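J.: Input sequences plus hints: build the corresponding full structure.
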Amino acid sequence: KTATVVETSGPFDEAVVGLVDPAHTPVVHKQWWWREGRPRADKTKAFAPTALGFKMTAHAPSSNSLIYKAIGGAPVTEIEFRLPALRLEHISTATRRVLALTAMTPGEAGTTRIVHLNYWDFALFDALLPFAQGMADSFLKQDGDILRLQNENLSRTRHRALYLGDADEPAKWYFALNKAWSEKGEAEFVNPLAPATLRWRT
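The sequence shown begins at 1 in the numbering used here and counts up one residue at a time.
None of these hints come from the bench; they were simulated from the model.
Please note that the accuracy of each hint is not assured.
Stated by the list, open to error - Derived DSS-like pairs: lysine-lysine, alpha-carbon spacing no greater than 27 Å straight-line: (1) Lys184 <-> Lys172; (2) Lys172 <-> Lys141; (3) Lys43 <-> Lys172; (4) Lys55 <-> Lys45; (5) Lys45 <-> Lys69; (6) Lys179 <-> Lys1; (7) Lys1 <-> Lys55.
Keep in mind that this is a model prediction, so the values were computed, not measured.
T.: This is the structure:
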């Protein structure tokens, strides 16, 4: 239903870290229809390994987002990351479904392409398709902008990124998955991750 492509710059791995970061939303995304101006709250989420990555298991999403309110009912969302750089989100109620796919691919000279697709199965969002496309474009532009700013900072300081606290665990999982994949040779891939419960504040 909507398709957005954003070209950005910076190390590919750092772009993927942004893809799996569960706490970046209030810092990066500033839209009135998302969660702008809302107070931060403690989050506790369960994660589980999958065949090629990990997932945030099914849970009730944030109640202060107008998007989730527009879907109606009692939505449940599940978010999965898969190697090499895919993020899949499935939002469902008793009668409605929304699927979101984000894929990152490395380009030339330290560039990254972000491709984001949304699909839904109900008429309300169909009627708002032009607005939905604009909202998706705005949302993804902010991701591209923050990655460019991060790249500028990395080029000035030349420091290694530090991953601290539960909110950064998915970043460490991504690197562990990459390492396991690169070292498996001809053997079957074995996911090195274990189930975990993470806590952070957003």
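J.: Please go over all the hints and tell whether each is borne out by the structure.
T.: Hint-by-hint comparison with the structure:
1. Lys184 <-> Lys172: OK: lysine 184 and lysine 172 at ~18 Å, within 27 Å.
2. Lys172 <-> Lys141: holds (25 Å)
3. Lys43 <-> Lys172: With a Cα-Cα distance of about 19 Å, the restraint between lysine 43 and lysine 172 holds, given a limit of 27 Å.
4. Lys55 <-> Lys45: holds (10 Å)
5. Lys45 <-> Lys69: holds (21 Å)
6. Lys179 <-> Lys1: violated (35 Å)
7. Lys1 <-> Lys55: holds (24 Å)
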